[in-house]
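Q: The residues making up each chain are set out below.
Protein chains: 2
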Amino acid sequence: MIPTLDHTHDASATCWVESARRPDTEFPVQNLPLGVVREGDGPATIAVPIGDRALLLPRVSGHGDLATLPAEIREALAAPTLNGLMALGPDAARALRRAVFGALVDAGLESKLAPGLVPLAAVAPVLPALIGDYTDFYASVHHATNVGSMFRPDNPLLPNYKWVPIGYHGRASSVVVSGTSVRRPRGQTKDDQKPAPTVGPSRGLDYECEVGIWVGTGNPLGEPIPIERAAGHFFGLSLLNDWSARDLQRWEYQPLGPFLSKSFATTVSPWIVTTDALAPFRAPAATRPEGDPAPLPYLTAAEDQSAGGIALDLEVALSSSRMRTAGMPAVSLSRSSFASLYWTVAQLITHHASNGCNLAPGDLLGSGTVSGPTRDSRGCLLELTWRGSEPLDLPTGETRRFLEDGDEVILRGRCRRDGFVSIGFGECRGVVIPA
Amino acid sequence: MIPTLDHTHDASATCWVESARRPDTEFPVQNLPLGVVREGDGPATIAVPIGDRALLLPRVSGHGDLATLPAEIREALAAPTLNGLMALGPDAARALRRAVFGALVDAGLESKLAPGLVPLAAVAPVLPALIGDYTDFYASVHHATNVGSMFRPDNPLLPNYKWVPIGYHGRASSVVVSGTSVRRPRGQTKDDQKPAPTVGPSRGLDYECEVGIWVGTGNPLGEPIPIERAAGHFFGLSLLNDWSARDLQRWEYQPLGPFLSKSFATTVSPWIVTTDALAPFRAPAATRPEGDPAPLPYLTAAEDQSAGGIALDLEVALSSSRMRTAGMPAVSLSRSSFASLYWTVAQLITHHASNGCNLAPGDLLGSGTVSGPTRDSRGCLLELTWRGSEPLDLPTGETRRFLEDGDEVILRGRCRRDGFVSIGFGECRGVVIPA
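If you're matching them up, the sequences are chains A and B in order.
Each residue of the first sequence is one higher than the one before, counting from 237 in our numbering.
Each residue of the second sequence is one higher than the one before, counting from 237 in our numbering.
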């Protein structure tokens, strides 16, 4: 069942952490995403960002309602990853949210929780979970149409697109957390005019603005997940940059799909915004254009059609090293909406498991590049510069067809709805370093 | 460096386990593959098959040269997977091999090792390693040409094939060990004559006869593996059945490659035959047909060209439930050779890491279907029955275009060379159960 509203979404709730009450904070008490951080060389510790602080959960689990959580939840909080908590299912995540919320609005607990509250700037994020498998979908029909137009002008959208939530297996080992530098990959590329490929640093390095969907409880091998139950396997969302080397991709991808053009790095933002935090921002599944087929029955559920979408606004920003040297802020390249995707999260989960494939706690599903129908909503440079033919101008006078060494890509995400406190995702950052 | 011959390959060595001296054994003392087994509900235990016995290594690590192995190796042997041993690198694996060999040829140790020696029939294999990522290659040019001929008659082998070791990311979670039943997957299929796809059990279920390449030591993200050093990252081989639903594959695979048509199950044989055991069976890299390009420099090393191949003979056998009921043995469907592949193991490893992708101990690389140039060397039913148009006859009078419920697929592998004791891989088995 898709989570519904409760007292933890109440806009009038007041947190005793002052910075969490600022109107521009990404992390008000109504958010409470989960992640894992380190202080210096200390152990990886499960934490919740609140305002400009991080609440280190193992340090405060003896206080307030945290102290009365079931032992299995308290044990899971002592682990260096969220996998254990994810495996416990939605009720456990909800109980934890309510306990943390309760502690952070109870001013009487401030002195007790203080030792667990450290500046966000003083901790470094690590990957929130051990990712067993990473899958990348292709759920934006605008992205698929744009990319298809460049590579197959006569046939941009393949006949399966509107029936099958297209996806492919990605590389789990090279998923890194925000802030990790991304080395420009080397590889084979082939000029159409030349008889043989050459090997060297990619000259078509790109980002892809995506949303990462984290799996909570898994399913046994051989047992599909009916769409009515998919919400129970959905733990939360983060931002995801699926770095792509377009020149490698173009030469390697037939007939088995992208491989080395993607597997050199995928960046995720540190915090997983849980399905409970997303409750106020649920929206109907995106309306399909007239004439498009309805989803097949195994991908259709009334609840999912009415509330399977998520109103999450995304933004991509870029800063070159010259811009940073000159003290210029990053420049916004595009804005798009997760709610515009052709498939809902539940449809992606159910399709993935429909052949009996077993999903596991901590598995990561990328949404695919989130692009909208307009130029300023294109979620990667391949689309924005139309394969390099329409370069972007930067405020320094530089131009960009694809990413240059020193470029930093920053993804941001926000959920907004009238009557509710807006919540943010934190940034998903990465700087390109030379091959 | 590719392992060379030493005393552990000596054909005159005599093991005190009688069944290991039988000429038809797969597991003579010159083999000593590694795996993980359970006795009943007991713990997962690292073991070596010898004749018709399994030597449970943690139980005997206090005897003979095993007792003087470095502490890190002895600790790794106490684990429930081989990942720890794999991470220690080729010298550790070789030291372990020599110690086990020494103990099994020293008749004076028989009584001391007896408590660790149990019938193979009394233990059940489990997966030998925790597989972080599974990658599937496409390294048989005969398979690629056959499949391409069916789907793209005018253009069977794509222009990249002879330059790029084509591969794709597979699903790690659904890799299962030999003996695990495989549930027929359901999914979308589309009849060319109909306007919409339908959903149901696959009617094109197939096996693929492959070899599984296990990664030993890994490489850090961003640091490629030069081909001269690839052998140091190659731990060993097992057999691998990449079960495939051809009807799902045909509809879903464009443009991002196979997904649900493969991710329902991949079966590996229990034992990893180590690179040291394979030393006598090394062969030159397969000769490329005249006119084919030489591998690019990053995929070329003198040692790999002269000894990068492995003379491993493969066989696929099938038994239907009617055949088993009638007491008939499985029928052989094809035989092919791992040495015929277009790319060597080192080339696959080096290409995989050439963009900086990090491989890790326990990662699994499938070779792709190993087919030869002749009809009786085609490694899957898609090729053998030419997409169902040339059905196979079984001794019961049944015919097969694709697999039926109850069918058992058995892969077998053997290395042979004059003057050396032949070694076997053990079977890779799986029975198809209904959707």
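Please note that the accuracy of each hint is not assured.
As the list makes no split between identical chains, a pair holds if one copy fits it or if it spans any two.
What the hints assert, rightly or not - Here are the computed lysine-lysine pairs in the BS3-like style, where the Cα-Cα straight-line distance is at most 25 Å: (1) 348 / 426; (2) 426 / 398; (3) 430 / 348; (4) 348 / 398; (5) 398 / 430.
Don't read these hints as lab results, they were simulated from the structure.
Q: Now look at each hint and say whether the structure bears it out.
A: The hints, checked one at a time:
In this assembly of identical chains, residue 348 and residue 426 lie within 25 Å of each other by CA distance neither inside one copy nor across copies; the values are 62 Å within and 62 Å between. In this assembly of identical chains, the alpha carbons of residue 426 and residue 398 lie at most 25 Å apart only when taken from different copies (13 Å versus 31 Å within one copy). In this homomeric assembly, residue 430 and residue 348 never come within 25 Å of each other (Cα to Cα): the closest approach is 69 Å inside a single copy and 67 Å across copies. Proximity of residue 348 to residue 398 under the C-alpha cut-off of 25 Å is found in neither arrangement, the shortest distances being 54 Å within a copy and 66 Å between copies.
For the homomeric pair residue 398 and residue 430, the shortest alpha-carbon distance between copies (15 Å) is at most 25 Å, but the shortest distance inside one copy (37 Å) is not.
Figure legend: structure checked against the earlier numbered hints; hints not met, in rising order: 1, 3 and 4.
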